[in-house]
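Undergrad: What follows is each chain in one-letter form.
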Amino acid sequence: GQQVMQIPQYQHVQEGEDFTTYCNSSTTLSNIQWYKQRPGGHPVFLIQLVKSGEVKKQKRLTFQFGEAKKNSSLHITATQTTDVGTYFCAFSGSARQLTFGSGTQLTVLP
Amino acid sequence: DGGITQSPKYLFRKEGQNVTLSCEQNLNHDAMYWYRQDPGQGLRLIYYSQIVNDFQKGDIAEGYSVSREKKESFPLTVTSAQKNPTAFYLCASSIREGAGTDTQYFGPGTRLTVL
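Protein sequence lines, in the order shown, are assigned to chains A and B.
Anchor point for the first sequence: position 83 equals 311 in this note's numbering, and the numbering is continuous, going up by one each time.
Anchor point for the second sequence: position 95 equals 93 in this note's numbering, and the numbering is continuous, going up by one each time.
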């Protein structure tokens, strides 16, 4: 079945530095969603992208969906300690279930 | 308050025992899901249900069973047939929101440790 590869698996940044995680698929995706999971917590929905080339912003977070709808990225500008957590991309199939990427674990050093 | 509740938060069981994890939602969502998460790993789908009295196997259903007798409830039983049951179990529910896609809302999870 369809899968997504997410890179990097781990990222350590100094507070104030930027951070980017990438989600790549070998096949065209109908949509992509992004979730954040704080340490010890549960995933929380951040955003959904549906259109080719779509870009959405949430404060310091910028989400992109590639023109071919095969890749997506999440960029955080000027990271803060509150950004710590694991970021997952996911896409939904025809039966409403989500397939998740393996996640990128972000550590922000103060 | 609307939301998804899972109980208990931590659960310990002896090897060979079946255990049932609770998941309740009052969001009036049709679809519900169970995921398993291992340390440093992503989420893997165990079972999902799109409607009452119906459910489908996910990617790792072996050793697990579910029921969906009520819209609000989707309990998961971890049976003794599951080889490595120790994990973090997450329940989610969803509603279709435009463009034919679902947004999933997760419960707080249950950490199961089998001794």
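One thing to keep in mind: the hints can contain errors.
What the hints assert, rightly or not - Computed Cβ-Cβ distance ranges for the label pairs, DEER-style:
1. H303(A) to I58(B): 39 to 47 angstroms
2. H240(A) to N51(B): 31 to 39 angstroms
3. D52(B) to V278(A): 24 to 32 angstroms
4. D52(B) to K285(A): 36 to 44 angstroms
5. Q286(A) to K7(B): 40 to 48 angstroms
6. D246(A) to T77(B): 40 to 48 angstroms
7. K81(B) to A296(A): 35 to 43 angstroms
Stated by the list, open to error - Derived DSS-like pairs: lysine-lysine, alpha-carbon spacing no greater than 30 angstroms straight-line:
8. K298(A) to K81(B)
9. K12(B) to K81(B)
10. K264(A) to K7(B)
11. K55(B) to K264(A)
Quick caveat, the hints were computed from the structure, so don't treat them as lab data.
Each residue gets a CB set at the ideal place from its N, CA and C atoms; glycine is no exception.
Undergrad: Do Q286(A) and K7(B) keep their Cβ atoms within the hinted range of 40 to 48 angstroms?
TA: 29 angstroms, violated
Undergrad: Quick check: does the Cβ-Cβ distance between D52(B) and V278(A) fall within 24 to 32 angstroms?
TA: Since D52(B) and V278(A) have Cβ atoms about 27 angstroms apart, the given range 24 to 32 angstroms holds.
Undergrad: Does the alpha-carbon distance linking K264(A) and K7(B) stay inside the 30 angstroms limit?
TA: 20 angstroms, holds
Undergrad: For the pair supplied as a hint, K298(A) and K81(B), confirm whether the alpha-carbon distance does not exceed 30 angstroms.
TA: Not satisfied, since the Cα-Cα distance of roughly 35 angstroms exceeds 30 angstroms.
Undergrad: Compare the distance between the alpha carbons of K55(B) and K264(A) with 30 angstroms, and conclude whether the hinted pair is satisfied.
TA: Judged against 30 angstroms, a Cα distance of about 25 angstroms means the pair holds.
Undergrad: CB of D246(A) to CB of T77(B), is that within 40 to 48 angstroms?
TA: 46 angstroms, holds
Undergrad: Does the Cβ-Cβ separation between H303(A) and I58(B) fall within 39 to 47 angstroms?
TA: The hint (39 to 47 angstroms, Cβ to Cβ) is violated, given that H303(A) and I58(B) are roughly 32 angstroms apart.
Undergrad: Could you tell me whether the CB distance from D52(B) to K285(A) stays inside 36 to 44 angstroms?
TA: At roughly 39 angstroms between Cβ atoms, K285(A) and D52(B) fall inside 36 to 44 angstroms, so the hint holds.
Undergrad: Could you see if the CB distance from H240(A) to N51(B) stays within 31 to 39 angstroms?
TA: 48 angstroms, violated
Undergrad: If I claimed the Cβ atoms of K81(B) and A296(A) lie 35 to 43 angstroms apart, would that claim hold in this structure?
TA: 39 angstroms, holds
Undergrad: Run the distance test for K12(B) versus K81(B): straight-line Cα separation, threshold 30 angstroms.
TA: 13 angstroms, holds
Of the numbered hints listed earlier, those contradicted by the structure are 1, 2, 5 and 8.
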